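Asks: Single-letter residue listing:
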Amino acid sequence: ETGVTQSPTHLIKTRGQQVTLRCSSQSGHNTVSWYQQALGQGPQFIFQYYREEENGRGNFPPRFSGLQFPNYSSELNVNALELDDSALYLCASSVGLAGSEDTQYFGPGTRLTVL
Amino acid sequence: GQQLNQSPQSMFIQEGEDVSMNCTSSSIFNTWLWYKQDPGEGPVLLIALYKAGELTSNGRLTAQFGITRKDSFLNISASIPSDVGIYFCAGRGGSEKLVFGKGMKLTVNP
Numbered sequence: 001e002t003g004v005t006q007s008p009t010h011l012i013k014t015r016g017q018q019v020t021l022r023c024s025s026q027s028g029h030n031t032v033s034w035y036q037q038a039l040g041q042g043p044q045f046i047f048q049y050y051r052e053e054e055n056g057r058g059n060f061p062p063r064f065s066g067l068q069f070p071n072y073s074s075e076l077n078v079n080a081l082e083l084d085d086s087a088l089y090l091c092a093s094s095v096g097l098a099g100s101e102d103t104q105y106f107g108p109g110t111r112l113t114v115l
Numbered sequence: 001g002q003q004l005n006q007s008p009q010s011m012f013i014q015e016g017e018d019v020s021m022n023c024t025s026s027s028i029f030n031t032w033l034w035y036k037q038d039p040g041e042g043p044v045l046l047i048a049l050y051k052a053g054e055l056t057s058n059g060r061l062t063a064q065f066g067i068t069r070k071d072s073f074l075n076i077s078a079s080i081p082s083d084v085g086i087y088f089c090a091g092r093g094g095s096e097k098l099v100f101g102k103g104m105k106l107t108v109n110p
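In order, the protein sequences belong to chains A and B. First residue of the first sequence: 1, per this note's numbering; consecutive thereafter. First residue of the second sequence: 1, per this note's numbering; consecutive thereafter.
Isolated chain A (complex conformation) (with noise of 0.2 Å):
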């Protein structure tokens, strides 16, 4: 059983510019959850992904999107990017519906630099 890989590792970038980082859930998991964990800071919910849909969502502006692919494969899309963006994004996959006992495992994450 494979855990969870993100790509790329580090990551930077120029304000305005757009990035997309990637997610490949642990298998058997359809459930995936992004968060943004800026330095000395715990990580915050930014959306979560069930079956391809969007199942909530957290305090980020629109220019946050993401997509999850059938074989639950996930992506994180922030356009216009800000210095303030500058932060560890965390991938986490879980089995079954958001709120149930489930347990969600982190991938290592993507550091990305907003310059």
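Check each hint, because a few of them may be wrong.
[As the list claims (entries may be wrong)] Footprint (simulated), chain A over chain B, 3 or more residues, beta carbon under 8 Å:
hint	stretch
1	36-45
2	97-108
[As the list claims (entries may be wrong)] With beta-carbon atoms standing in for the labels, derived distance ranges:
hint	chain 1	residue 1	chain 2	residue 2	range
3	A	Gly16	B	Leu55	47 to 55 Å
4	B	Ser82	A	Thr9	18 to 26 Å
5	B	Gly40	A	Gln17	18 to 26 Å
6	A	Pro70	B	Thr68	38 to 46 Å
7	B	Ala78	A	Pro70	45 to 53 Å
8	B	Gly40	A	Arg22	17 to 25 Å
9	A	Arg51	B	Leu45	17 to 25 Å
10	B	Ser10	A	Gly3	22 to 30 Å
11	B	Gly16	A	Gln18	48 to 56 Å
12	A	Ser27	B	Glu15	33 to 41 Å
13	B	Gly40	A	Glu52	26 to 34 Å
No wet-lab data here; the hints were simulated from the structure. Note that the structure is a prediction, hence the values are computed from the model and not measured. Ideal placement from N, C-alpha and C gives every residue a C-beta, glycine not left out.
Fit chain B to the given chain A structure using the hints.
Replies: For chain B alone, kept in the frame of chain A given last:
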């Protein structure tokens, strides 16, 4: 964004000592989770709690879901050097959203 009140923010202890940390929320949660994060890694789940009053152990780790459903604590007994890292609490109410604390940085001196 919303975060839980986690304390202490950091601890420096000697190997073999016990350490406790706790988390409080202004909201009621249905689930409390405790994670550990090492540098360059994602959080790893240590203990999950699903019922108020529940006390659960995982090796040297013990965690409790507070009766009020607004707090939880984690205790690590007989600490070892590999316990070094950042410990996060996380809670979930009636939605899919996990809310995390700011983390507690643990340093263990051999």
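Asks: Check each numbered hint against the structure and report the violated ones by number, ascending.
Replies: none
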